[in-house]
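**Q** Chain residues, written in single-letter form:
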Amino acid sequence: MAETSGKVLPESIDGIIDLLSAEDYLAARPLATVLFLALRMGRPLFLEGEAGVGKTEVAKVLAKALDRPLIRLQCYEGLDVASAVYEWNYPAQMLEIRMAEASGVSDRSRLESDIFSERYLIRRPVLQAIQGEPGRAPVFLIDELDRTDEAFEAFLLEVLSDFQVTIPEFGTVKAAEPPIVIVTSNRTREVHDALKRRCLYHWVDYPSAADELAIIRRKVKGCNEQLSRQIVAYVQKLRTIDLFKNPGIAETIDWATALTELDRLALDPETIADTLGTLLKYQEDIARIQGSDGEKLLSEVKAELLAKAG
Amino acid sequence: METFGPHQASGRDGIVVPPPVQGDGRLADNVVHFARVLRKAGLKPGPGAVIDAIAAIDAIGIGSRIEFHAALSAVFVKRHEDQPVFDEAFSIFWRSRDLVGKMIALMSPVAAIGERQKPKAGGARVSDALFAEKQRASKPKEEPDVEIDARLTVSAQEVFRRLDFGQMTSTELREARRAIERLAMPRDLVQMRRYTLSPRGRGIDARATMRQSLRTGGDLMLPKFRVRRQQPPPLVVLADISGSMSQYTRIFLHFLHVLTERRRRVHTFLFGTRLTNVTRQLRHRDPDEAIAQCSEAVADWSGGTRIGETLKLFNRHWGRRVLGQGAVVLLITDGLERDEVELLSRETDRLHRSCRRLVWLNPLLRFSGFEARARGVLAMLPHVDELRSVHNLEALSDLVQSLSGAPDRDCDPRRYLGSGRSQS
Numbered sequence: 001m002a003e004t005s006g007k008v009l010p011e012s013i014d015g016i017i018d019l020l021s022a023e024d025y026l027a028a029r030p031l032a033t034v035l036f037l038a039l040r041m042g043r044p045l046f047l048e049g050e051a052g053v054g055k056t057e058v059a060k061v062l063a064k065a066l067d068r069p070l071i072r073l074q075c076y077e078g079l080d081v082a083s084a085v086y087e088w089n090y091p092a093q094m095l096e097i098r099m100a101e102a103s104g105v106s107d108r109s110r111l112e113s114d115i116f117s118e119r120y121l122i123r124r125p126v127l128q129a130i131q132g133e134p135g136r137a138p139v140f141l142i143d144e145l146d147r148t149d150e151a152f153e154a155f156l157l158e159v160l161s162d163f164q165v166t167i168p169e170f171g172t173v174k175a176a177e178p179p180i181v182i183v184t185s186n187r188t189r190e191v192h193d194a195l196k197r198r199c200l201y202h203w204v205d206y207p208s209a210a211d212e213l214a215i216i217r218r219k220v221k222g223c224n225e226q227l228s229r230q231i232v233a234y235v236q237k238l239r240t241i242d243l244f245k246n247p248g249i250a251e252t253i254d255w256a257t258a259l260t261e262l263d264r265l266a267l268d269p270e271t272i273a274d275t276l277g278t279l280l281k282y283q284e285d286i287a288r289i290q291g292s293d294g295e296k297l298l299s300e301v302k303a304e305l306l307a308k309a310g
Numbered sequence: 001m002e003t004f005g006p007h008q009a010s011g012r013d014g015i016v017v018p019p020p021v022q023g024d025g026r027l028a029d030n031v032v033h034f035a036r037v038l039r040k041a042g043l044k045p046g047p048g049a050v051i052d053a054i055a056a057i058d059a060i061g062i063g064s065r066i067e068f069h070a071a072l073s074a075v076f077v078k079r080h081e082d083q084p085v086f087d088e089a090f091s092i093f094w095r096s097r098d099l100v101g102k103m104i105a106l107m108s109p110v111a112a113i114g115e116r117q118k119p120k121a122g123g124a125r126v127s128d129a130l131f132a133e134k135q136r137a138s139k140p141k142e143e144p145d146v147e148i149d150a151r152l153t154v155s156a157q158e159v160f161r162r163l164d165f166g167q168m169t170s171t172e173l174r175e176a177r178r179a180i181e182r183l184a185m186p187r188d189l190v191q192m193r194r195y196t197l198s199p200r201g202r203g204i205d206a207r208a209t210m211r212q213s214l215r216t217g218g219d220l221m222l223p224k225f226r227v228r229r230q231q232p233p234p235l236v237v238l239a240d241i242s243g244s245m246s247q248y249t250r251i252f253l254h255f256l257h258v259l260t261e262r263r264r265r266v267h268t269f270l271f272g273t274r275l276t277n278v279t280r281q282l283r284h285r286d287p288d289e290a291i292a293q294c295s296e297a298v299a300d301w302s303g304g305t306r307i308g309e310t311l312k313l314f315n316r317h318w319g320r321r322v323l324g325q326g327a328v329v330l331l332i333t334d335g336l337e338r339d340e341v342e343l344l345s346r347e348t349d350r351l352h353r354s355c356r357r358l359v360w361l362n363p364l365l366r367f368s369g370f371e372a373r374a375r376g377v378l379a380m381l382p383h384v385d386e387l388r389s390v391h392n393l394e395a396l397s398d399l400v401q402s403l404s405g406a407p408d409r410d411c412d413p414r415r416y417l418g419s420g421r422s423q424s
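Protein chains in written order, with UniProt numbering: chain A, 1 to 310; chain B, 1 to 424.
Next up, chain A with everything else stripped away, as it sits in the complex (with noise of 0.2 Å):
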């Protein structure tokens, strides 16, 4: 459907495994099916997880990978209609009217028609991305959509099953190519019903050792081989105990780094609660593992690592 435009689009899953990780992104094969199908049947895709498991990175790398614009609507509570699709520039208006009054136009359709045209309209992310470049459809990244309220979460229907938006004094603009449309959700509240019909939908878990172990080595240029080892083994680790916010890839990341940039080339107590805030972000969690806790932790991956070592 869009070989016109940018880089082909991958015929098959191994081909969408390719393009991302040409980006440096490492997607697991469920997540690379999902988009493998969202491309080919068109439909958006509804990326749901915890907060840090590189959600809205599939957007971005998608976009740079494919070669198209990438167009971000970040959601917040309270956006409306104007700053999410179209604005009229009223300043501009206002001075062609007074123009027209001073050059003595009186034909009010003309003036009508005058200022509502595309030279006074100022495109906002939704019209952008149905509009497109032409022969490019932009990849439209939706993040974090549970932080809007209802009324845009129905909004958004009309445009995800329709690739259109109507303007009143203008009519009805329509996708000549549907973009390739990416939604995230942190699950801080319920996306209705109705909304997740039209897209496809795909939990983001946390990614297992071995796919951990590789984006580090993939994303932290510099960074030993034993301490990665250890830095994966001690957030598998981490996961797995009960604490508030489990540590995302991201801070994943952050922390090989924050060590890397340390010239740590192993992991001991003093400098896990020195960079611990790059870790986890709640201050019970970062108490907690302080503690007599943490301590248990590092000594068991130890232990662990030098078992499979051996």
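Hints are computed from structural coordinates only; laboratory data are not their basis. Treat the numbers as computed from the prediction; the structure is a model and nothing was measured. Just so you know, nobody snuck in bad clues.
In silico PhoX-like pairs for lysine-lysine, Cα to Cα no more than 25 Å straight-line:
1. A:296 - A:245
2. A:237 - A:308
3. A:296 - A:281
4. B:44 - A:196
5. A:237 - A:302
6. B:40 - A:196
Take a look, some chain B residues computed to stay more than 12 Å from chain A by CB distance:
7. 32
8. 261
9. 276
10. 352
A virtual CB, placed ideally from N, CA and C, is assigned to each residue, including glycine.
For this one, chain A is given, so just place chain B on it according to the hints.
**A** Then chain B, alone, in the frame of chain A:
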């Protein structure tokens, strides 16, 4: 206008309806069957999802099992909670087709026995309506307890309003439920970030002003004003359904049912030894059916309580999802905790810090000599904004009033804290 897309149907429309899968009719049949199994198991795949599933399988081709699983899951699962059910159904269904029949039977005991045998929840009301006169005649009316302040000056209506839910007869309970339906619901509004037009607004709405002025060709510019839109905040209810609380929770569920019907964003959780989200069940129109579905969803009705543990669960798994946008929390429990109270104190504190207002409804407060001496009560008190009773109609309507306006001074939890500490 050239850059705007053509108005004819886009290429996408051709893809939604899949081409018939050639020579593989059985696969399509199986997918349809699988969707039915999922529906029995509690998921809600619509007919559209089946078409999507077939299109998806067609798109990926029959490859590895992982891909097949991912494709079907993307189409059929729309909530993370449904994933385990789907996984289980998937592993059984696509392993051997002989199991299908067994599985349908396994997952739907109701279907096997037949829908008719299950008594309709509304049935109780029908029989009530038909035979209420008889019951009223045969049942000796219980004397109201001494707790009620039945002075000669108060009318029968007022006596009723102060009658404890725990001591009401079934007729009186029915009456109480009717009264709850007539109760005015709280009008607590908070400002939203969105705007709405208003003649008394302060800010000028440029969009509306412009539109208006165009009616006169831009000659007359009358400013249009806007104000912040107002809307009730989310209301989250955590109700204890342990044995000691059961009489109160039932009637309170009726209150919640009315509330859920009349306002948006009401989330209800029931807890005993575990936590159950019954928000969806309470949305059922018929109150009896809704409450029947609630009790069906809850595995631990009238059992023990582990308040601290369940609050912890709530904070971890639901807090961030339902407490956004300045939620008000109603916590209904008697605070009689068996487990360690340190956990209870910590989790109540966290709950308090993540909502706008935490109101504790405690039916034990009906006893005039209530003192905060139980360890659980002492652990929770410092972290709540209000402590109220919920044992009769009057208390309920007080609650409604308090939710609409400022907190009531009489309900300051510190009052009990002082007396409780000094005497224990």
